[in-house]
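Chemist: Residue-level listing of the chains:
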Amino acid sequence: MIKAYANVAVIAAALVSGCQSEEPEPAPLADGIIYCSEGNPDTFNPQLITSGTTVDATAAQLYDRLIDYDAKQQKFVPALAKRWETLDNGTRYRFYLREGVQFHKTDYFEPTRELTAEDVQFSFNRWLDETSLYHHVGGSYPFFSATGLDQLINKVVKIDEMTVDIVLNNADSSFLANLATDFAIVLSAEYAQKLLVAERPEQIDSLPIGTGPYRFESYRKDILIRYSRHPDYWREGPGIKHLVYSITPNANKRMLKLVTGECDIIPYPLVSELKALNREQLMVTNEVSPNVSFWAFNTQKEPFDDPLVRQALSHAINREAIIQTIYYGNAELAQSILPPTSWAYDDRGIQYQYDPEKARRLLQEADHSSLDITIWAMPVQRVYNPNARRMAELMQSDLAQIGVSARIVSYEWNTFRRRLSRGEHDTVLIGWYADNADPDNFFRPLLSCAAVATGGNRANWCHTGFDQLLYSAIATTNPEERKALYRSAQHLLNQQQPLLPIAHSKRFQAQQKSISGVELPPYGGINFRLATKKPVQEQSQ
Amino acid sequence: MPQINLYHHDETPSPLQLVWKSYRARFLSMAALYVLLAMILVVILSPLLAPFNTSAQFSDAIALPPSWVESGNMKYLFGTDDLGRDMLSRLLIGGLYSLGLPILMVAVSSLIGMSIGALAGIDRTIKYQSLSRLFDTLLSIPSFLMALIIIAILGTGFNNVAFAITLSLIPQFIFVTRNAVHEEWHKDYVTASRLNGCSKAYLLYRVILPNVTPTLVMQLTVSLSVAIMDIAALSFLGLGIQAPTPEWGSMLARSLDEVYLSPWSMVLPGVTLFITIMAINIVGDSLRRALKERVNS
Amino acid sequence: MTRYLVGRLSVFIIAVFLLTVFSFSLNYLFPGDPITNMTGVRTFQNNYSLVMELRAGDENIAAQYLHYLRHLFAGDWGLSLSNSTPVFADGLQHFMASMELIILALLVAVIFGLPLGVFAATRFRQRSDKAVISLAMMGYSIPVFWLAQLLILLFAIKLGWFPITGQINPLYGVEPQTGSILIDVFLSQSEYKAEALQDALNHIVLPVLILAIMPMMLLLRLMRNATQEMLQKPFVKAARARGLSEWRVLVKHAIPNAVQSVLQQTTLLFSLLLTNSIVVESIFNWPGMGNWLIRSIFERDYPIIQAAVLMFAFVILLFNLLVELYHGWRFPIVRHEQNATD
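Chains as they are written, first to last, in the numbering used here: chain A, 569 to 1109; chain B, 4 to 300; chain C, 45 to 386.
Next comes chain A alone, as it looks inside the complex:
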């Protein structure tokens, strides 16, 4: 029967014909790259979000930061700031801006001037200064409030046209690291001013203007984002003219599209499937990235406010099995929320064993012999969790063994996060990947009291003792002292168990071999700045 259809299709194919021609690709295909992203961006301004999808789609492509972090050299390198200096015992940083940095020229905006201190000041004040006209446009700035950067910075002072000072309330060892993240981008003050006059200020986040290697062309929800090369980029730019994000939420479809050549690069590939397919023109790259997936308990809800229950549930989960079936072994079992590569990592005495007996006993101690809970499972793939729903299924049967019946809940990703922020969940499978190299990035955005309000703290867990540990840890620059503080923090976390760390995953990306220069930075989103596409002829050699 299939054969009969095949005949029909052969005829159809013959009608269309020529599709298999060996001619070189037409020009638009040869100088463009299609990246099949896993979801819609929420906005085109990474200041407003912490979601990885949006960061991947915007940060490194449309914008630049004052400084960048070079993971290979493990140091901060100049970007929009050509150099900087620390003044006043680490409470004042002075940045000297680069000359000749051009903003994007598009249909909707034509810049009349280059980057100045005014743009930097405007960009920072947007999330820093509540009296800034743009502060309420777009709402909240979760990364900055979760890391406390908005509390840390006292003011941003323009010294002259090309010099800007950032004044801190107190010295903070994580400041530069936070400044080098994907979120601390620089917008155009001139564009903002123009929109204000036109009474369309919210357009600044939907029709973006930046200084980055690509400029915005168009966006169709659920279908694509179209970027083109920024011709006047201030440093070495991409070797391609067009960059298209083809939005493909389904992991299987993404992989098949890579095979058919409809995608040049895909994130979160089904690694084992790709290997089974064994196509020569494809390659899979991976990067050890600091991330963690975890199971967070909503500690503001009965019965998860009881640490005993949280411990019991943690003991019930067979995490080894999860690593094998969900990650196909491409991950490491997480003992702490901090990955082992971090210098502050310490797992002595904090390991949760898979022990259903103990779990049952603990549950009884907590007076809950049977429980009905919901497990919220992310509908999207993430570096740290390739398939949350399937993970939830595994956990469901683990939990059934200790008499806990679990229901799996999932919504479309944006709805999912909105409902999570409202605290509608019992427990949730989610995770985090680091924006910078500082261990603080794993604690404050995830588990501080400040993060409860911003929605980053999925456990809704606010522990004053724990908060104090975190704040003392960033107040000092002495690594030994910090390490000790983080050790205590990890132990406290282990007792309280507001969440169960599950795995630290390797980060994968699959691509056509003809593409090069697309980096997977260990911190933050994908970067197409140096992307190039080799012509087909070379590829076949």
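Derived from the structure by calculation, the hints contain no laboratory data. Built from N, CA and C at the ideal position, the CB exists for glycine as well. One thing to keep in mind: the hints can contain errors.
[What the hints assert, rightly or not] Listed below are several chain C residues computed to face chain B (Cβ distance under 8 Å; list not exhaustive):
1. Leu197
2. Ser326
3. Val353
Once you have looked at the hints, place chains B and C on chain A.
Modeler: Okay, now just chains B and C, sitting in the frame of chain A:
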């Protein structure tokens, strides 16, 4: 001992018997019927037949191919999926949702739809007459779309999906029953009975019903195959019965992530679904043919 | 004919009216604020009170409905709840994309289904008839989403003939104007129009083929049965007796009459097409109404759900009307029959 016939007794088979007689004559029709009955039987007995619990995960047998493949294992006849769950058990229990549930839904909706349709068919006031075309027009909206609307209102979930599909099937039953009853109503034999002074209820149950039964049975098969397709399609799209419940459509959907590692996890539910629907369609089609033969003869 | 026309048109208009009543009531049936569901403006937004006034939110239901109707016909269908784009403009593009797929599939189904049906009828109960008819049975029974996956694996992955998703390779830079990709390519300013067109055709083959199979098989069976029935009618015998060739008997007598009886069942055909288009569009990421509807259900984007339902239902009603009118125009007997029973 031979039975003594005192009176000459002419056998007058009921319309259903007549149809059955011509239905029985075709091999394919009977084969499809047997397949369908066997499937229903298996589904009813599935809790007893399933060798394992559907959510039991065997960590030593992850993504094992079916037993007839060399690397397969007799313990798991149809192999296991990527979480190490027995495919056979999941297919069997899945039948409860993919075949059992539709049967139940069709039963409920047919009961409601046929009652309304029969009443509408005999109650022929002028007002109704003029509305009937309008109803016919509105009924042309596909049941799948109606189910989607209901799910959009109520949200997904087992109960809502079952309710949505049941509700969306009712109009077709009303439509078919009314037309069938209506058509019979004007036939001479009904008129004769009516002139004899039979009550409406008697007319409906004793006079008309036997003659429309085959049509209604045919509509049952059509609705059943629609219900099965709808629930499978909804689950496939992620709006129906949610994983880990082993519904065939949702099994198919989740198998797509591992087509190359374990192709059987995609092929088996698909084939099962295909065979089930085909058996039902053949039964329905044969009924239609038998019906036509009866009318013609 | 006039009486028939007026009758059909008035039924159509009343049906559309009922449809708007239904879609209006959806605003109340969906969870949340009815005005928000109508307009996509959330209660905490600044312009909510303005919208409330425009929609007569604090007046009675009848007044609200009238305002709703006015906005509906003015093409103001509110904004999407998820990204605040105007629903009507978006909807038109999705509508065109769907229609492109559906009409092409219908063509394929008719072009292959009808002749095959006639062929089977002429070989009634012979081996070739049996082969065609069992094929049709299988094709009609295969779940469309499973078939789609099988064909994708075969044609796209194994053979590499066709791409899997979307309307065209996005690098061609064809911006949607009408929503129908073939038209959009013609309208585009691209200097690679020919290549773009070929690419678009390549994208459309697989979804159209998969969408066409079930209706094709249905048509085949209907046509075979109808033709076969006609071939036994007295007038065909009479035609044969007049010494007409079997071919002429078919073309002049049997087929036109068979087509007429098949036409009566096109409602079923069209609703099958629409139902399957929802599934096929989702699988192929085709930016049509079905895909739009399914996504909006996931995202609880009520203004879009409503718009998609309205468009779907409207298309069906319109299609039925057209078929009926054609039917009445082409076959006068239909007019008489139906006028008589009404």
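Chemist: Run through the hints listed earlier and report the numbers of any the structure violates, in increasing order.
Modeler: No hint contradicted; all consistent.
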